[in-house]
Structure formats: structure tokens, C-alpha cells
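K.L.:
Protein chains in written order, with our numbering: chain Y, 1 to 336; chain H, 1 to 324; chain E, 1 to 241.
Note that these hints are calculated values from the structure, not bench results.
Be careful, since some hints might not be right.
[Claimed, not checked] Listed next, the in silico DSSO-like pairs over lysine-lysine satisfying Cα-Cα at most 30 Å (straight line):
id, chain 1, residue 1, chain 2, residue 2
1, H, Lys164, Y, Lys121
2, H, Lys176, Y, Lys295
3, H, Lys212, E, Lys127
4, H, Lys80, Y, Lys121
5, E, Lys155, E, Lys183
6, H, Lys164, H, Lys176
7, H, Lys212, E, Lys164
8, H, Lys212, E, Lys155
9, E, Lys126, H, Lys212
[Unchecked claim] Cβ pair distances, simulated, as ranges:
id, chain 1, residue 1, chain 2, residue 2, range
10, Y, Glu205, E, Glu87, 16 to 26 Å
11, Y, Lys288, H, Leu313, 48 to 58 Å
12, Y, Tyr322, H, Val183, 41 to 51 Å
[To be verified] Computed footprint of chain Y on chain H; a stretch qualifies when at least three of its residues, placed anywhere within it, have a C-beta under 8 Å from a C-beta of chain Y:
id, stretch
13, 19 to 30
14, 136 to 142
15, 211 to 219
16, 289 to 302
Every residue, glycine too, gets a C-beta built ideally from N, C-alpha and C.
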Amino acid sequence: MITTLLSGDRMGSRALTAILAAIVLALAFAPFIFPGTRALDVAAKVCVFVLLVASYDLLLGYTGIVSFAHTMFFGIGGYGVAIALSRMEVGWAALAAGTLAALALSLALSFLIGLFSLRVKAIFFAMITLAVASFFQILASQLSGLTGGEDGLTFRIPELLRPRLAAYYLVFGAALALFLALLRVVNSPFGRVLLSIRENEFRAEALGYRTVVYRTIANCLGALVATLAGALYALWLRYTGPNTTLDFAIMIDILLMVVIGGMGTMYGAVIGAAIFVVAQNYLQAGMKALSESLKGAPLLPELFHPDRWLLWLGVLFVLSVYYFPRGIVGQLRAVR
Amino acid sequence: MKSIDWKPPLLVLAVLLGALLLIGSPSTWFTLTVAGVAMGLLIFLMAAGLTLVFGLMDVMNFAHGVFIAVGAYVAVSAMKLASGAAGADSLLVNLGALVPAMLAAALAGGLLGLFFERVIIRPVYGQHLKQILITTGGMIVAEQLIHVLWGPDILQLARPAALKGSFLLGDMALEKFRLSAVVIGLAVFAAMLVLLNRTRIGLLIRAGVENKEMVEAMGYRIRRLFVAVFVAGSALAGLGGALWGMYQESVTVHIGASMMVLIFIVIIIGGLGSVLGCFTGALLVGLVANYIGFLSPKVALGSNILLMVLVLLWRPQGLYAVGK
Amino acid sequence: MPEPLLTLSGVHTHIGHYHILQGVDLAAPRGELTMLLGRNGAGKTTTLRTILGLWRASAGGVRFDGQDITRLDTPAIAARGIAYVPESMGIFAGLTVHENLLLAAREGPLRDERLEWIFRFFPPMKKFWDLPAGNLSGGQKQMLAISRAIVEPRKLLLIDEPTKGLAPAIIQNLIAAFAELKKSQTTILMVEQNFHAARSLGDSVAVMDAGRVVHTGRMADLAADEALQTKLLGLSLEAHQ
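Same shape as in the complex, but just chain Y:
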């Protein structure tokens, strides 16, 4: 049964299986294992980012395209829900309308971007998506009547989701279901075509696959899932603003998670997001202690200052790209 759920995607390593099982169990019972609002916040954030990073892995790891516009789709989902819930009568209809409108917008945008730039080099696509994403960021802050500008939108959610427990299990359940759906996609014939395009675009083209079509579909799929992740995150936070969705820093976070976890593995998204979000919330405490113990030494206290945690993840990222291109998952699979 589990194999079917995972679409036959073998984990290929006992350690990996154990870690994944531990993460999933911890998330499933988070409200009971980890008391306190902060811990539940962290757990919900992990769920959302697992989904967001997995949808990005579909692009980067399985299709070999680097997009800097993934946060844009994440933001569209967040704003769709936020705008609908703050303008319409709070309820399921508003939630559905907001989500559907966001999905439609994301689909249209990702299709256009793909059509416009996927036929050219990876570099060009990365540059264009960066420009488009920054444009969208500006747009969101300029259209403050609609989006709340820099302050963002705070809104009320449907009655049923107001208890934190209910909201958490909506986030958890939806993230799990969508992740399993993504796993199905990459293990389908479609997913295998994507992989063959990544490995050798020229040959895939020669075999008769219209690479642009496949890439555009992957781009759209990734965008749609990112949109849903954004909607879930907005529901959890009951707030959407530029800093929680559109910020370029989040794009960097996604890149770090997918590469450190393991590109092209899907499971890497789970591990990457878990490590990252936990590190973001708890690593700083350790660094603070370390930094204080180094007081007096030149430069070292600053290097280990709690605000510099991204420095060390950045170093890990660079080393990963060079030495462990399949990230933590790849390493675990290699040792068996």
C-alpha cells in the first residue's frame, strides 16, 4: 500500500527511510508531541515549504531549469486567498474563489513565461524569471489598494479552520496529498520524459519529444503547486504580505532547501525543508552560544553571530553543488 502511495519511488536507503518516516510522523503528531504555539508554527511552516520546495524540484531537479519566479507563484496563492477572504464574505466560497483565481493567474503567467523563454538557454530563462518576479514584487507593493502594499493583508478565515488544530491538519493533509501527487507525476511516463530531457535535450528532441511542450507543462505544474502552497501558508498565517511570500530572500531559501536536500529526488524537499526551517528557528540559539564563547577573538564572534546562520547554509549550499549534486538524499543513498 505504501509503495502505491509513493508511486513506487524507492527511497533506496534504510537511513533515508527512517529519517523520512520520523519527519512525517513528527509532523503528523506535531500538535501532541511539541507543545506550544511556536513549535506548531514551525511544523506548519515545514509542511508548506516541503510542498513549495518539492514543486520547485520538479523544475530544477527533474527538468533542469532554474526559475527565480517561484516565490511569485507562491505569492499569487497567498494573495488570492487573502484578497478573496478580506473582500468577500468570509467562508468557503470566498476561499475557493480566491484559490481558483490564483491558480488561473499562475497558470496563465507560467504558460506565458514558458512560451516566451523556455525555448532558449537556461541562463536566459533564469534572467527573465528574475526580472518578472521583481516586477511582480513591485506591482504588489504599488497596488496597495488591493494588496495592502508593504503592510500586507490580515484576514479572517472560515469558522471551521479557526481552531489551530483544524488549520494545522488542513495544512498537513493538503501538503501530504499534493506531495504524493507530485511523486506520482515524476514517476509517471511524463516524469521520465522530463528526466531524459534534462539528461540530453538534443537526444530527447531527436526521439521526437517536443521538449518545449514538456518543459512548459512542468513549469505550469510547478507554478500551480506553488500557488496552492501559498494559499495554505496564507490560511495558516491568516496574513499575506510581501515578506512572507514574494521576498527574494524566500527564493534563496527555496534554492538552499532543494539543493541541500537533494535535487531531482523529491524526498530531498522533505529533508531540505525540515532541516532549513528547524535551523532557521533553532540554529540561531546554538550560534549565539558559540559566538559568545568566542568573544574576544577577532572576527570569529561575528562569523558565528546568530544572524549569520545563512552564511553557513550558503557554504553548505556551494559545497553541495560541487561535491554532492544529489544532496543529503544522494549521500544517504550512496552509503546504503
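Based on the hints, put chains H and E in the right spot on chain Y.
P.N.:
Just chains H and E, lined up with the frame of chain Y:
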């Protein structure tokens, strides 16, 4: 430069004239134009190296913004060291602070560029995906290191005393610093044109951008040339960062990353690998940003994207496509 | 017999997963024009590129002018006196005719007498001196590519299908130019599909098939022996006659 395609420069001219008609007041138009040209030339300084490196070696460095930021931060430190000279009431003494600060910024950018080329980018030649990832990672680390060295706060970067304020030309106000930026930008552009069109190294660079393999088959080692161009481009980015920091009078670590969007737009508009295109594109971006900023401030920030889309609809390869 | 200027012995070249050259043995005698013939995909272009180090030989050796050049990189090989005219011609379209030649003259300024010599073969080079090479016609581009290769004396010219895609009148023109060039005793290794051109220019000949040299000899002998032509080259070349 025997047969220039004149349509792109004519486009710049059309933008200049169109803006004059829309704005109406010649003095306002003139002030905006100077601001736009100054901004455009500074962007050109920062972007030129990146586009050449791409043309030569098919390398796109997403960490280019770090060279800009480092240049700006080094300028902050240098100007602080020389604050006496910078605040003095004589242009000559001011220059005694400004010139070394600019040189230090360029040097820092160049050295960091050398490190990046040797250590970060060299192992991933020919692998676009890894290039994008690795240079983005390098940017994350370098930005954090800037925080370590200079602290997380916004720093002030004051202009030297003699370059503060404006000239008055009739009823037209001309910011002195903008004029200086125009002068420096034009001087660098002229120097680049001479280097590219009148020297053997320039000949090699232009040929290498078109067909690297053929240049090697003629017996030239293009790798060394590439490292030199990379370092020179990084140094220009450092210089541009220092000037841009002074233009804004403050510096944050995001100064480079925020410029990168504009730089990419300029490079795409100009045609990847083309210096002339980069120059024309930078002028267009600078002018349009200032004109639209005056005419319709709401649209201003997005005007560059619209410009890019329009140019790409007209010429999908950019203004000056480099023949490959 | 003196050592040939260029010798390939047992050269294998892989491109990606493909094993293109499978043990090429080839010699280019000094002062002669050696024609490299064979059908498409036989490995002729790969042979030229391997000599120049643009592809790496995975086994075997290349000797040039008494020295082993197998492991040298392309600029070092070219600097030993080899010029290359690729099938794509490799013209720098954004550079003028003058600049293209200037770049090819590695040793220093262009020498007037050499230029006059080149202009004798290829008058359009003089006429379009300051025109960007991208504006030249196909035949003129080929003339420029060859002019570049001979703008300074080189020991060996590698020329890949110079007549490809050109009009018959221009091909005649080129053949005449090469005949003139041969008088300067330059050693040339030329790939050619046009048997008429090959027969009128070649001194010696090597025929390739499936990554190997399957026949070597004098061009005159091959030209006289129609049965051998058919056997080695099939009918594809007859069509060009």
C-alpha cells in the same frame, strides 16, 4: 566599427524627443535627461563586464552584484579614512580622497572577481545549471561576509564637499555629482571603445565573443584573455558600485542584488555579449526610468520590464544580436 | 624517403558516447596536397579537428614536424604552424576583412607583398577590405577563410570542404587559386567531396570509411582507375563530376 546599425541609437533619440513633447517644460526635461543619462552610464559601468564575459565564455555570473556591493562598501571605508580631505572646501583636495576611494573600490571588485573566476566558476564551465546555482550560492556567502565585515546596518556614503549641490544653468538645476557620473561613465565607455576597436586585445575579445574555438585554432590562448576580462569587468562593477552608492548616498548589502535586475534587463535589451548594445540599453533604461518616474510615478518601477518586453518584441535577440 | 610533415598513427577519437575515429593511420608528405576523401560520416572532419586538438584523441598519436603534438592544446598546436579552415569557415562576421586578416597574422603587422599575393588569388578581398565579413557572399567568405590561413606562411593547412555550397564558377576560381598556392610548396591536407576538384588538385590521396583510412596512394592513380573509385567512394562522388 565600420557599419553601425543606427536604429537603436535612433530609438534613444526618439525616446529623448518623445519625452520632451510629453513633459513640455524644457528645463524639467533637461534635468531628467541628465539624471537618466547619469543613471544609465552607471548601470553601463556595472553591466559591461558581465555581458562581455557571457559573450566570451558563455558564463553568466549571478553573483556579479556582490562586486558592486563590495565596491560600495570599500568606498564607504575609504571615504571615512579620508573624511578630512573629502570634507575640505577644495575640489582638488576632494579628489585626493575620491580618486583613491574609487581605485580601492575597483581594486576590491577586481580581486574578488579574480577569486570568483578561479575558485567558484572555473569548475563549472559549460554547465549552465551549475553556474547559476554556484554563483547564486557564492552571492549568498559573500553578502553574509559583507555583513560580518561591515555590520548589518545601512551605511552613509557622503559625496565629497565639492560635488554636493547643483549648478544653476538659467532655470535648470544640474546636480554636480550627476555630471561627474556622466563624465566618468563616458570616459570609461570611450576607453572601452578604443580598447575594443583600436587594439589587438580588443580585436581578440571581439573575435572571441563571436567564435571562441576559431580564435584558439588561430593559436591564441583565450583563457588568459577571459580571466583578464572577468577581472576588469568585476573592477568596473566595483567602481560602479562605489559611484552608485554615492549617487544614493547610502549603502546596504542589497545594493548589488537590487541592481542585478536592472543589469539583466539592460543586458537582455542590448543583446547578450554586445558592449554597444549594453551601452544603448543602459541609456534607454536610465532615461525611461527617470522620464516615467516624473510622468507617472506609479508605473516607474515597472517601466523597465515593459521596455524589455517591447524591445524583445521588436528584436527577440536584443538590440545588437551578437552573431554566433 | 623523408619523414612526412604530419603523421597520424592508430588515432581513436570519441565524441560523447560515439566512437568516431577507430584507428586512423594517415600521413601528409611535405610540400604535397593530400586529399582526404570518403563519404559523409566517415570521420574526415573529426580527423582534422583531432589533429588540431579540438577533439582529444583517446588513443594513438599525432606527430607534426618531428614532434609529438597529441597532448598539446589547440593554441599550442596552431602556434607550431598549422592553419585551419573549418567547414563552417569560422569567419568573424562582425570584424572587417582587414581585421580578420590582422587577427590571423599572429607574428606581427600584415606584409604588403604577402597581401598582394593574396589579392592576386582573391581580388574581392582588396575590394571589400573595410567591409564587415558578415556582409560578404558565401564564396567571398570562403576566400577570406583561406586568405586568413595563408596570410602568414604556415607549415600545414587543414582545409575542410572549401567548395561546399559554392556555385560552379566560383569553384573553378578556387581551384585555380589552390593551384597557384601549391606552387609555394605549402603542405595541405584537404577534405573534399567534389571529386572534380579533388582530382585536379590532389597529389596524394587517403580515403576514409567508418573511422579508418581504407586506401592511400597517388591521386593520379585513383583518378585513372574508375573501378577503384567506385569501390572506394561509391556512386555519391560520381554525381559531382
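K.L.:
Next step is simple, just say for each hint if it's right about the structure.
P.N.:
Verification of the supplied hints:
Of the supplied pair hints, the one linking Lys164 (chain H) and Lys121 (chain Y) is violated, its CA atoms being roughly 45 Å apart against a limit of 30 Å. Of the pairs offered as hints, the one joining Lys176 (chain H) and Lys295 (chain Y) is violated, with about 46 Å between alpha carbons and a cut-off of 30 Å exceeded. Taking the CA atoms of Lys212 (chain H) and Lys127 (chain E), the gap is near 28 Å; set against the 30 Å cutoff, the hint holds. Under the criterion of a C-alpha separation no larger than 30 Å, the hint pairing Lys80 (chain H) with Lys121 (chain Y) is inconsistent with the structure, at around 44 Å.
Annotation: proposed proximity of Lys155 (chain E) to Lys183 (chain E) holds, straight-line Cα distance about 14 Å (limit 30 Å). The hinted pair formed by Lys164 (chain H) and Lys176 (chain H) meets the criterion: a straight-line CA distance of about 6 Å does not exceed 30 Å. This hinted pair checks out: Lys212 (chain H) and Lys164 (chain E) have alpha carbons roughly 23 Å apart, not beyond 30 Å. For the suggested pair Lys212 (chain H) and Lys155 (chain E), the alpha carbons sit about 23 Å apart, so the restraint of at most 30 Å is met.
The hinted pair formed by Lys126 (chain E) and Lys212 (chain H) meets the criterion: a straight-line CA distance of about 26 Å does not exceed 30 Å. Checked against the hint of 16 to 26 Å, the C-beta distance between Glu205 (chain Y) and Glu87 (chain E) comes to roughly 23 Å, which is consistent with it. Look at Lys288 (chain Y) against Leu313 (chain H): about 53 Å separates their beta carbons, and that is inside 48 to 58 Å. In this structure the hint that Tyr322 (chain Y) and Val183 (chain H) lie 41 to 51 Å apart at CB holds, the actual value being about 43 Å.
Counting residues of the stretch 19 to 30 of chain H whose CB lies closer than 8 Å to any CB of chain Y gives 0, so the stated coverage by that chain is violated, three being the minimum. Requiring three or more residues with a Cβ within less than 8 Å of a Cβ of chain Y, the coverage given for the stretch 136 to 142 of chain H holds, as 5 such residues are present. Judged by the Cβ-Cβ criterion of 8 Å, the stretch 211 to 219 of chain H is not covered by chain Y as claimed, because only 0 of its residues qualify and three are needed. Check result for the stretch 289 to 302 of chain H against chain Y: holds, 3 residues qualifying (beta carbon to beta carbon below 8 Å, three or more required).
Violation of the numbered hints given earlier is confined to hints 1, 2, 4, 13 and 15; the remaining hints are satisfied by the structure.
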